[in-house]
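Could you put the whole structure together from the sequences, leaning on the hints where they help?
Protein chains: 2
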Amino acid sequence: MENILMFKQPPCFVSHAAVGGREESRGPLADGFDLFDETDRFGQKTWECAEGEMGRLALSLALKKANATQRELDVLLAGDLQNQCVASAIGLYTFGVPYIGLFGACSTCTEGLLNLACLLSSDTGMRTGAVVTSSHNCAAERQFRFPLEYGGQRPPTAQWTATAAGAFVLSSREGEIRITEGLFGRIVDGAIRDANNMGCAMARAAADTLLRYFSASSHEPSAFDAIVTGDLGRIGSSLLIDLLRERGIEIGEQHGDCGVMLYQFQKQDVHSGASGCGCSAAALSSYFLPKLRDGTLRDILFLSTGALMNTTSVGQGQNILGIAHLIRIQSSKM
Amino acid sequence: MENILMFKQPPCFVSHAAVGGREESRGPLADGFDLFDETDRFGQKTWECAEGEMGRLALSLALKKANATQRELDVLLAGDLQNQCVASAIGLYTFGVPYIGLFGACSTCTEGLLNLACLLSSDTGMRTGAVVTSSHNCAAERQFRFPLEYGGQRPPTAQWTATAAGAFVLSSREGEIRITEGLFGRIVDGAIRDANNMGCAMARAAADTLLRYFSASSHEPSAFDAIVTGDLGRIGSSLLIDLLRERGIEIGEQHGDCGVMLYQFQKQDVHSGASGCGCSAAALSSYFLPKLRDGTLRDILFLSTGALMNTTSVGQGQNILGIAHLIRIQSSKM
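Line by line, the protein sequences are chains A and B. If you're matching positions, the first sequence starts at -17 in the numbering used here and goes up one per residue. If you're matching positions, the second sequence starts at -17 in the numbering used here and goes up one per residue.
Everything labelled a hint here was simulated from the structure, so no lab data went into it. Some clues are possibly wrong.
Since the list can't tell identical chains apart, any single copy or any two copies may satisfy a pair.
[Claimed, not checked] Okay, derived cross-link-like pairs now, SDA-like style, lysine to any residue, Cα gap no bigger than 20 Å in a straight line:
#1 K(-10) with G107
#2 K273 with S(-3)
#3 K315 with G25
#4 K46 with S(-3)
#5 K27 with Q298
#6 K27 with G297
#7 K(-10) with D281
#8 K27 with G299
#9 K27 with R175
This is the structure we're talking about:
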């Protein structure tokens, strides 16, 4: 159960794309995005459909870069934060690709990439697949908190759901940037009931996965160029570093968090940082994969982190549960 | 893309269990269930937690039958109908097993079994895993329609969400009952906007998957002892048979639908039949797997069918999308 999944024939990233909205276009990672819509509407009548359209555009852009069409995809894995993951279904059904719906909250990006890597390593003949995850600030606010028009105030621990989608095409053939190892997360009691402090609920899950990884691996944290978490934000990131330090593991120098990186602290009103299924996906596509491609990074651990809750469970006094999946991404670029 | 996934070393069912509530205990499949709670509460304070507890009990029972503990599970796949799949998270986190959250609505059972079969056929060393899916009538009514106390009327096309959970332990070793083939479904526009007629929205997806299967396979429908769909109900089943007949495929003699089988027609007030993530899971565990074990059935196609929608998407006038995943289950019992 504690074994790291190691790929004998590591699947590779063929292409990837990130799409974002207005806030994302003003953030530090903007240069690496493929497309922005400053209206956040993406030509749709509802925020919910706008999110679906972001996913559709991200996959279209990734397929274009791969010089491929949907006919070459054996399978498509996707998920989002909308109830019953409707954004992914609405946005992606026109591709007509065999579809695996995932729910991992904001952990969905890495959950999908690791699951797809396993599928491409199976004896069933699947060769090429894609992962798409998305989130939309306005759809998430309406669903999880209040409609925007209400103007609800948020505490400093709250995070800003990213309006973003990421798409990734993976292949079982040899390539430059490969997923060489992975670890599916366990569900961890975040010991938090405050839906405005999900970074801390997820930090415990990230700590659990990293402790499992380093106890099973022969590597120290310093062996990696970066150890990246999904969307813990500033407050959750600080807790993660403390939790690991208590157990004798120091990741401070290597650690980066996509939720911290996506926006400009203080200049953008995002409180503890970014969150959402699109957050780690957009950061992976816009920043980390290009750095692995150009050789600036060679070997990273990448985790997406999810808070497993809904408005009813929080209203009924349930603790927020967390999960964090991990992949190791290595580049052979000299 | 149209290739049937064929397992060179087909994973086997090690054990399985079904748990149900009051209506299920009165249905024709009751003898095959492992546990009922006539109160539908399973010792919990909320319907939502009762669903989580059903999943926990189902997995505990399946592990007991497998003479195994959670420590032997390399991975656990689960999903349900509650927003953000909270029932699965709450019910299963205490097992502490690496977890893949799925969302496929009522298709989740077969989605999970096929995904797990692929994982067990990968080169990553996973040997044993489990799938758990659940639904609870009272949690679903509150979330998708009205709280029970409202006493809302339902039209004849409506289905009754089953209060049921199924759990399945699969292994990569050789065994008597094996998943030999599979086909992940594509998302299909159900061309229906009525959330009280989901059987018809899903029937188009079931037809799509079966047409893909029979166009790629050398087998005729008559080669199978049974062709089982998840929860089309009476009305959706009738549409499926018509849709396939239009394309020259006749499955009437082999076809069974878990949603039709779970309750006694007319004696139980379930209108078009059962639905929910627990429906096909409970029917597979309580009826089909025992029949494959005793040799009454030898070779079946099993599909779970899902309607991909939420209350917002229906309210915004979106069509209900459908999906249907397929596995072929063969028994070597003489």
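Sort out which numbered hints this structure fails and list those numbers smallest first. 3
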